[in-house]
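With the sequences and hints as input, model every part of the structure.
Here are the chains, one letter per residue:
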Amino acid sequence: MAAPLTHYITLVARGVGPFALAALLVLLMRLPVQTDGLGWAMPHVTLAFVFYWIVHNQKAIPVLALFLLGLVEDFASGAPLGMNPMILIIVYVLLANQRRFFINRSFAVCWAGFAFIASAALAFSWLLESFYRGQPMPVGPLFLSLVVTIAAYPILGGIFGRYQQSVQRY
Amino acid sequence: MIRLSSGTRGSSRGLFDRPGRRLAISLILLLSLTLFILGKVEHPAITKIRTGMQDIITPVMAVLSVPVEWASDLSDWFGGLVSIYDDNERLREDNTRLRDWKAIAERLDLENTRLRQQLNAPESPVDTLVTPRVVAVQGGPYVRSVLVNAGADYGVRDGLAVTTRKGVVGRVLMVGAAASRVLLITDFNSRVPVRVERTGQNGVAVGRNSQLLSLQFLPVDMDVVVGDRILTSGDGGVFPPDLPFGEVVAVADAAVDIRTLADLENLDFVRILKFDPRTMEPGEDKEGL
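If you read the sequences in order, they're chains A and B. Quick note: the first sequence, position 119, residue 119 per our numbering, numbers continuous. Quick note: the second sequence, position 90, residue 90 per our numbering, numbers continuous.
Just so you know, these hints were derived from the structure itself, not from any lab. Note that the coordinates shown come from a computational prediction; the quantities given were computed from them, not determined experimentally. Each hint should be verified, as a subset may be incorrect.
Pairs of lysine to any residue residues, derived as SDA-like cross-links and limited to a Cα-Cα distance of at most 20 angstroms, are as follows [what the hints assert, rightly or not]:
{"hint": "1", "chain 1": "B", "residue 1": "K40", "chain 2": "A", "residue 2": "P136"}
{"hint": "2", "chain 1": "B", "residue 1": "K166", "chain 2": "B", "residue 2": "K40"}
{"hint": "3", "chain 1": "B", "residue 1": "K40", "chain 2": "A", "residue 2": "S130"}
{"hint": "4", "chain 1": "B", "residue 1": "K40", "chain 2": "B", "residue 2": "R22"}
{"hint": "5", "chain 1": "B", "residue 1": "K166", "chain 2": "B", "residue 2": "V248"}
{"hint": "6", "chain 1": "B", "residue 1": "K48", "chain 2": "A", "residue 2": "L68"}
{"hint": "7", "chain 1": "B", "residue 1": "K40", "chain 2": "A", "residue 2": "L128"}
{"hint": "8", "chain 1": "B", "residue 1": "K40", "chain 2": "A", "residue 2": "V33"}
{"hint": "9", "chain 1": "B", "residue 1": "K166", "chain 2": "A", "residue 2": "V33"}
{"hint": "10", "chain 1": "B", "residue 1": "K40", "chain 2": "A", "residue 2": "M137"}
{"hint": "11", "chain 1": "B", "residue 1": "K166", "chain 2": "A", "residue 2": "Q135"}
{"hint": "12", "chain 1": "B", "residue 1": "K40", "chain 2": "A", "residue 2": "G134"}
{"hint": "13", "chain 1": "B", "residue 1": "K40", "chain 2": "A", "residue 2": "Q135"}
{"hint": "14", "chain 1": "B", "residue 1": "K48", "chain 2": "A", "residue 2": "L71"}
Covered stretches of chain B, going by a simulated chain A footprint (3 or more residues, C-beta under 8 angstroms) [what the hints assert, rightly or not]:
{"hint": "15", "segment": "25 to 35"}
{"hint": "16", "segment": "135 to 146"}
{"hint": "17", "segment": "231 to 242"}
Heads up, the beta-carbon is just placed ideally off N, CA and C, and yes, glycines get one too.
Next comes the structure, spelled out in structure tokens:
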């Protein structure tokens, strides 16, 4: 007997869904809503996604999906093409080896871990941007971006967690 | 060296155990690095990829923005209901005042036309090519740009000036078939030749990825005070002359800060100008060319 359609939908939702959700969040943050000056300080959604995924999921992330997600982030943030895929993959490889430090730990520990990883990743992005543009870039905007990214992690983690729960129910 | 396997313990076991996974990671990393290096050397393929992504993502953004627009319209509608009486009073006063201004403007327009005829000066070459909508803000710590839903299909090309009715917004940087990227004047890479309206002194407005710009390359005997209006000078041929640009908000020693007249934080529709600097040449004689 053929598997019901809902079975396939669930498989797709589990496999592609989280990446589509992350990409959707990246794009939603780029909608031209009235921001009164705060619109440029946006959280690094894909970084939060990779961290959450590695800490809370056993399955490996499809590398191609990670690459595409990084390209969407590059496009949305105006970063040099290829920069965010590089950062996400390096973070993924490093984090996958240190995952045990965050399993079954309190949220505060995970949040602190994310803050550390985000600081290192954005510092690396500063190096890449400075190399790309041929001059040292100002640190102020990067620091603001880091603060917003760390502050947004509980919200983004909540969204990813809610999605994960709703998919696992089926 | 990065270890791709978690070793003997730890819950990450298995993440890199599948055959070919290390190879896949290495290849994708190499591909990312290649894209990055190609972008650094400004290879045309990177521009094509970006414009292709623009054309794909723009319709998606247009769909995503529909509920946001509805919410915004609804909020404006309720806001309008609350202030409807005050707005009506204000509009009556504005109407009376603008009727007086209309009479003055018509007289000045007539005078201007007559003087242009006497001096053989060409008409102002600034027309609107298209009025697209901003569908996305493209930006991060080091970039200030927006995506608009008009591209080569509407005749948009690189370098065209973009404004709102309040002032200059930026210039077209990357053109796809159905969408274009506009580099804002506040971007780190933006340089716009401008002049101080009161004194006529020329300078360059330099973006610095914040709401304020720096006014640089002013003459040594610069005469700038807070409140001075800044207009485009037309030098370089990208921006037409005399477009409203900004207002001086701080002067300290040699540093002059200006704020844009256009509200770059709340952009909706923008005008892409059809500007050909060649039509600015005085005493044109196109028959002889």
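- Which numbered hints does this structure break? 2, 4, 8, 11, 17
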